[in-house]
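Protein chains in written order, with this note's numbering: chain A, 1 to 327; chain B, 1001 to 1327; chain C, 2001 to 2339; chain D, 3001 to 3339.
FYI, nobody ran anything at the bench for these hints, they're computed from the structure.
Incorrect hints may appear among the rest.
[To be verified] Covered stretches of chain C (chain A as the covering partner; in silico rule of three or more C-beta atoms under 8 Å from a C-beta of chain A):
#1 2135 to 2149
#2 2166 to 2177
#3 2327 to 2336
C-beta atoms are modelled at their ideal positions from N, C-alpha and C, and glycine is treated no differently.
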Amino acid sequence: MAEIRYIDAINQAHHEEMAQDARVLVLGEDVGRKGGVFGATMGLVEKFGEDRVIDTPLAESSIAGVAIGMACNGLLPIAEFQFADFIHPAFNQIVSEAARMRYRSNGVYGCPVVFRAPYGGSHGTALYHSQSIEAFYAHVPGLKVVAPSTPYDAKGMLKAAIRDPDPVLFLEHKRMYRIVRGEVPDGDYTVPIGPAVVRRPGRDLSLFAYGWMLSESLAAAEEMAREGIEVEVVDIRTLAPLDTATILKSVAKTNRALIVYEDNQFLGYGAEIAARIAEEAFFDLDAPVMRLAGPDVPGIPFAKPLEEWFSISRGKIAASIRKLAAY
Amino acid sequence: MAEIRYIDAINQAHHEEMAQDARVLVLGEDVGRKGGVFGATMGLVEKFGEDRVIDTPLAESSIAGVAIGMACNGLLPIAEFQFADFIHPAFNQIVSEAARMRYRSNGVYGCPVVFRAPYGGSHGTALYHSQSIEAFYAHVPGLKVVAPSTPYDAKGMLKAAIRDPDPVLFLEHKRMYRIVRGEVPDGDYTVPIGPAVVRRPGRDLSLFAYGWMLSESLAAAEEMAREGIEVEVVDIRTLAPLDTATILKSVAKTNRALIVYEDNQFLGYGAEIAARIAEEAFFDLDAPVMRLAGPDVPGIPFAKPLEEWFSISRGKIAASIRKLAAY
Amino acid sequence: MVSAEANTTVEARHRALGLSDQDVLEMYYYIALARGLDDRMWVLQRAGKAMFVISGPGHEGCQVAAMWPMDKKQDWFVPFYRSVAACLVKGMTVTDMLLGLFARATDPSSGGRQMPGHYGHPRFKILSTSSPVGTQYPHAVGIAYASKLRRTGEITMVSIGEGGTSQGDWHEALNFAAIHKCPVLLIVENNELAISVPLRKQMAVPSVAVRAAGYGMPGVTADGSDVLECYRVAKEAYDRARRGEGPTLIEYRVPRLGSHSSDDQQERYRSREELEQVRKRDPLLTFRAYLERVGLLNESTLKDIAERIRRDIDTATDEADRAPLPQPDTARRHLFFEE
Amino acid sequence: MVSAEANTTVEARHRALGLSDQDVLEMYYYIALARGLDDRMWVLQRAGKAMFVISGPGHEGCQVAAMWPMDKKQDWFVPFYRSVAACLVKGMTVTDMLLGLFARATDPSSGGRQMPGHYGHPRFKILSTSSPVGTQYPHAVGIAYASKLRRTGEITMVSIGEGGTSQGDWHEALNFAAIHKCPVLLIVENNELAISVPLRKQMAVPSVAVRAAGYGMPGVTADGSDVLECYRVAKEAYDRARRGEGPTLIEYRVPRLGSHSSDDQQERYRSREELEQVRKRDPLLTFRAYLERVGLLNESTLKDIAERIRRDIDTATDEADRAPLPQPDTARRHLFFEE
Ligand SMILES: Cc1ncc(C[n+]2csc(CCOP(=O)(O)OP(=O)(O)O)c2C)c(N)n1
Ligand SMILES: Cc1ncc(C[n+]2csc(CCOP(=O)(O)OP(=O)(O)O)c2C)c(N)n1
Ligand SMILES: [Mg+2]
Ligand SMILES: [Mg+2]
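Isolated chain A (complex conformation) (with noise of 0.2 Å):
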């Protein structure tokens, strides 16, 4: 097994299925000669041809909406968005027809598009190419939306992604492309959409996260072990349909709740985690269900000193966990 990175794993996901597949079709701005502007389909127009790699017009809510008529009649579509910050324009075909197809078909139309998006904050990305959208999506009945945290996970649940017979958002941490490595077998295998899995057993509080923040939650629960601590770090993975019965397992364990996430927190997607911890772990827990999120600003700004005030470093989540502890 070699050590890639996260981008290559998402690269190989889409060569191993194209190759395979002749139904697997990509779609998205620039993601033909150029390979995509992360490089995540670096290769295929020259490999599989300009049909079935198709530079798009700058035009997001034809993309999500070509996409789906694509899956209606058979194909397999991976739909990039250059940034997850540019999917809003397509948020209406998403929400309104991809998620609500075979729903309101009563079954017998399907959707399965996989929409791709990188999301998240990294060095001066500014308000408008760092946002984290999950909230707004893994609210809507219908779509799935996965996160994965390391590069196996990005090439198995890429995979699950395209063979899954509904839609897909499949979120990609920006920050992760080039520094986040990891064994990654060179053939075919998946990852299931669906569980959350411990990556860290602890015993003294239980913390959630996905994506980057999964990255510096681990970094910051091997500080606190120097301490002390014991942190049961646990990867959501799936945000939707989300795996409660993983996490109420782990509440039950450790008795106290930390969630972090990026996004700003407000009704940001912790929320849920929160929630449904304060109504179905409730008499596990033994001090409040916290929360360690973004801001509640519209974005992270660019200037360095702004970008750090809003960004969540394993300091401060080492600093939220002390805090849970000490109840």
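We have chain A already, so just place chains B, C and D with the ligands on it with the hints.
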């Protein structure tokens, strides 16, 4: 003071504000001669002319986008979306533009638009004419979101929204339009955006709701009083920014919290209220934080048995109250 | 009072277009059937048997004509809420439609989940439709792209009102279709109203068809009261698509004979004169007049057709009415694929 | 080597357009200033002094020309990220722009909150811009509508790349502008690339201007390397708008001389020949050649201008560099209006 319907209160606010401030203008589909599909803008075009009451093309993104431009150039536009379900094409304009104009310009450009949208289920409104959309927008920093529950508040808060220097999403539960009546002063007054209000004091548990769910909850609370359970009913009214203090105060008093909303449960608006209570009122709680919300399916289906299966009636609310009170 | 010469000329019209007498009689039947069904739906709504109706009186002629060249089995149709006649031609039965009106469990479009008028039928390759106006256009283009890539030979037809052409999705779909020469007929049924909003407030051009040039595709306009002309332009567009030459924008100018839907009162915004004017453009009447002129219909055959239609609709109404409503907790099903 | 006769003809060109020698020299100055600033920004980025650059090399000629008829105080401008030259003409200083590049607290566009290239300046009526391509078009139309309603006499100019014309928002904005005859100049700077996507994959028509007819407004195309022609069409559109005759769509064909942004490597998708071709269309060179031909510039005056620009940019760089970064917790401010 006259007893008028919710829809009349909305209509009055339009008439009065347009008469007293030439900057106020209305745009949307069928807002002119037809007076809006629900009658909210009835009589306006006859009084204020086609230039200030604009029947727009069927294109929601530009309804929002053009309104934003108008607001940046000295007008106070009220943009009507015919149904909240059809605000989705304008998602990008509202989220990326209206909500961010002030923040991104470091305070120099403001965006005083009111986006009005009739939301929620009524009889036979089905998948696409019944959506609750508040969770999508309350999550967006920079946007105020209100959902008044009485004709008095509807008029007063609409006036406050029109005069607000920032964008406000004004949600009107369409089931209330013709059946909810209340005393409304003829003249000018405003109800501030921000504060929640206790509509019915009680000692046994706190119930949080807004819009039509507030009406149903009050009815359920009356029923419960006959069973000896005294429910404190809090009308959230302003969904963003949220008046957390009023919520926490109520929970401190009753030690139990039930949140009722019509939207599907997962990451619906009530998740944030639940999460806040679990974090900030944890030691006040004697029982799990409970949510009663719509099922996690893409919308309210049309056929009567399916609609009833989905809908939250006073009966279902009463059952939840009983369950929570029994802890 | 038609002279022998005029008679020959008009007769020549449908035959010159390659339509047999049988064809035009069937076309008339479908127009009349759709109108009959339409009338029935409104009656049922007023009688409290249906909550809501939205339908296509005035639009039937162009719909039947546009559908006529299509291969009913192989080709795709992406309808909108006025597509009653088109869906009937494509294969849906009157019973199918009334099952939707009554929100029955066996409604093939949605099992009673959607409002009436939201057609869909997998067997006839009619895509499931939603309410937000305009979204179906990119879907149709995507379907057509898939047909081309998979070399299935399928042609796709999609319909919308002129109001829907204001939507961004419409623009994006036309652009994509033109770039990739997708085999798709892009139909706009222009009745000069978007609910109450008149054409001049919807666009500064007198016709939607002129927009086609901006995308690099042909755009044609036909009078929706001239059923044969509607057929001619559709056939031409169909043949173009078959030849791999890409999409055509077709605008049909049609009268909207009734209110927008059963929730609307058109008297609020349409004058008596306007209503009188549009009634003259009723394709049912104009096409009937043509068929009488060419001697294919007369009072007695018309009566037979009307009788047959009435009977069929009666039977279908009974059948649909007897069908069961969906069970409450089936509402949780089909969120995702079920094995 | 220019004959006396040819000389008169070309001389006649700018004067015939009502432009004084002073005008064209100032126009040249702005084009050169924008280019100088541009070069500097890329140097600063490569040196690690700036995280990101996106700018308009090749687009400066049409921008300066289009801005020239505008009333710098009264009129509105809604820019996009390539509008470096246009913003300079409208009133922003080199220092203003570099404060943005360095994300300083005093950056007038956003106080360092936005990426470089997101211009905005209330004093010069430059609307704050965002990143999502296309959203600014409806804003401009709304601004223009307000001007008309309020009878302020303001004209609005808005810019976008040809890639942005694929967006639904663009379509909806043009439609609204045409219906209401809004006083707005709708500029498209067509460099035949949307990052890496070539024109033929963006649209099936050879020119954006042909789309204007579909909205009921005039559409014109001008060669962005012919600065005077760019001015001429803008002036005509401006006068039209002033006369209350509504919007004009103006397409400028421009070369994109560099990569899309500092995050892009155009060598991945552009051939050496293509890059050589576009360099010949550089408006800085073509306009300089014109001014030399008509005797308004020569080697020595050119040197003076270059020198002055270099000095001004040096000073501005120092000034911007010395300005303080924003304080961390100012990030919570301006979520809503502050009294
Ligand atoms: C996105 C969206 N906005 C608004 C509506 C409400 N609505 C339904 S039909 C309609 C008018 C449609 O007009 P047109 O496209 O001309 O079709 P017609 O009804 O005239 O046949 C409107 C505004 C909707 N269904 N979807
Ligand atoms: C809605 C949206 N989608 C994608 C992007 C990413 N993006 C930024 S610029 C650009 C290309 C723009 O091309 P064009 O409009 O032709 O302008 P040019 O850069 O060529 O001047 C893209 C795809 C974006 N900023 N916004
Ligand atoms: Mg219409
Ligand atoms: Mg370009």
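Check, residue by residue, whether the stretch 2327 to 2336 of chain C contains three or more positions whose beta-carbon lies closer than 8 Å to a beta-carbon of chain A, and give the verdict. holds (count 4)
Coverage criterion applied to the stretch 2135 to 2149 of chain C (partner chain A; beta-carbon cut 8 Å; 3 residues): With 13 residues in contact (Cβ-Cβ under 8 Å with chain A), the coverage given for the stretch 2135 to 2149 of chain C holds.
Are three or more residues of the stretch 2166 to 2177 of chain C within 8 Å, CB to CB, of chain A? holds (count 6)
Every hint, counting from the list given before, is met by this structure.
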